[in-house]
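Asks: Sequence:
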Amino acid sequence: MPDNINIVFICSSLEQGHDGVGDYTRRLSAALIKAGHSCAILSVSDRHTENILESTQQADGVDVPVLRLSSDIEIKKRFEIAKEWVDKIDPQWLSLQFVPFGYHPKGLKLGLSKMLLTLSKGRRWHMMFHELWVGMANEESKKLHLWGQAQRILIKSLIKNLKPAVIHTQTRLYQTLLAKMSFKAGYLPLYSNIPVVGSQSGERAAEGEISFVVFGAIHDKAPIQQFAKEAAQYADKFKRPLTLTIIGRGNNEQQRWAGAWAEAGLPVNRLGELPARQISEVLSGATIGLSATALAVIEKSGSYAAMREHGLHVISVSKAWTPTGVAKPAIPEGVTEYTIGNLEECIADSKFIPYGSSVEQVSAKFARALINLKAE
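In our numbering, each residue's number is its place in the sequence shown (first place is 1) plus 2.
The reader is advised that the hints may include incorrect statements.
Quick list of in silico lysine-lysine cross-link-like pairs, DSS-like style, CA-CA up to 27 Å [said to hold, decoys possible]: (1) Lys79 with Lys182; (2) Lys186 with Lys123; (3) Lys165 with Lys145; (4) Lys79 with Lys90; (5) Lys79 with Lys36; (6) Lys36 with Lys90; (7) Lys186 with Lys330; (8) Lys108 with Lys182; (9) Lys145 with Lys321.
Keep in mind the hints are simulated off the structure, nothing from the lab.
Predicted model only: the values in this text are computed from it and were never measured.
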């Protein structure tokens with residue numbers, strides 16, 4: 003097989019800045035194109051366009067060819083248009099960037115593999131699982147467990163029908179869960195969708211103000227009130243100011259975090275949605291990142307990847323979330339788990355550990371896997 007690959011990525015949506023998987027795929031494509039490969043992206047259920055949009059999108063200074071098909075178009079017609087476009091490109095590979103809810107409001111899209119197979123004659127499949135199913139933790143409701151079982155059945159059917167030559171996922175937990183279904187998935191770590199502005203030396207102030215930052219989706223039930231209370235005690239004990247900066251679209255959880263911080267008598271800055279460059283500047287000036295994503299799946303969080311890539315140690319401040327039927331995954335490097343009473347220890351353990359998962363490194367690993375037909 004030649005060393006240069008020709009691939010069409012398939013995802014649900016490609017609205018820049020509004021779809022994490024689309025942003026991920028665009029940066030991956032750009033890095034592969036820079037390395038001499040041929041890439042294009044097809045969105046087959048795009049909720050951000052009203053019709054058919056063929057164009058290029060730019061990532062990291064590279065133009066990436068795209069075809070966006072509105073979710074309003076009847077699905078059979080969408081795939082007829084997609085097939086004509088894919089056949090003109092004539093790629094060796096098709097890569098499905100899979101998120102269940104990208105293709106159906108309940109993540110239960112029947113007949114998806116049948117539609118996808120119309121594109122695949124003479125081509126190999128790659129599958130990247132950004133998410134699997136809901137209800138995979140002990141703490142979740144019976145309804146979510148049943149819902150997740152239905153999604154699991156459809157995922158198993160999708161893999162069996164497409165027969166991918168290579169499968170990847172970005173969390174060790176998902177790797178384990180796919181293995182329990184008898185599917186071998188390689189580990190392809192997530193990179194940040196927020197490019198670093200300037201250089202990152204990893205030098206953070208050892209004394210003076212501690213600036214916490216959280217951005218993106220804030221998951222519910224994180225113990226932020228207790229965390230804020232301990233932060234105030236820490237500030238008083240060590241005479242070090244502690245601030246919290248929140249970046250992202252406002253919601254109830256963001257309001258709860260800001261309220262808990264203010265109630266503890268500590269300063270909080272809510273910056274709202276920002277362009278990527280400004281997010282990078284804020285992250286570069288912070289001391290420690292906070293994440294409310296469950297520790298077992300923190301590796302799939304784009305916010306976590308961005309904080310780590312910007313030289314930040316991350317403290318996990320999340321609700322209890324224990325995967326059912328598997329061992330608890332190891333805590334990734336550069337992350338500390340907050341439990342009630344250990345904030346002082348979390349801050350003491352916060353140190354710069356380089357995040358070795360840039361888009362260039364991940365794209366090189368991805369290309370090797372397809373060329374060798376073996377995921378690392």
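Asks: Work down the list of hints and note, for each, if the structure agrees.
Replies: Okay, the hints, checked on the actual structure:
1. Lys79 with Lys182: violated (36 Å)
2. Lys186 with Lys123: With a Cα-Cα distance of about 23 Å, the restraint between Lys186 and Lys123 holds, given a limit of 27 Å.
3. Lys165 with Lys145: Roughly 30 Å separates the two Cα atoms, so the pair is violated.
4. Lys79 with Lys90: Distance of about 17 Å is within 27 Å: holds.
5. Lys79 with Lys36: violated (33 Å)
6. Lys36 with Lys90: Holds, because 22 Å separates the two Cα atoms, which is no more than 27 Å.
7. Lys186 with Lys330: holds (19 Å)
8. Lys108 with Lys182: holds (24 Å)
9. Lys145 with Lys321: holds (19 Å)
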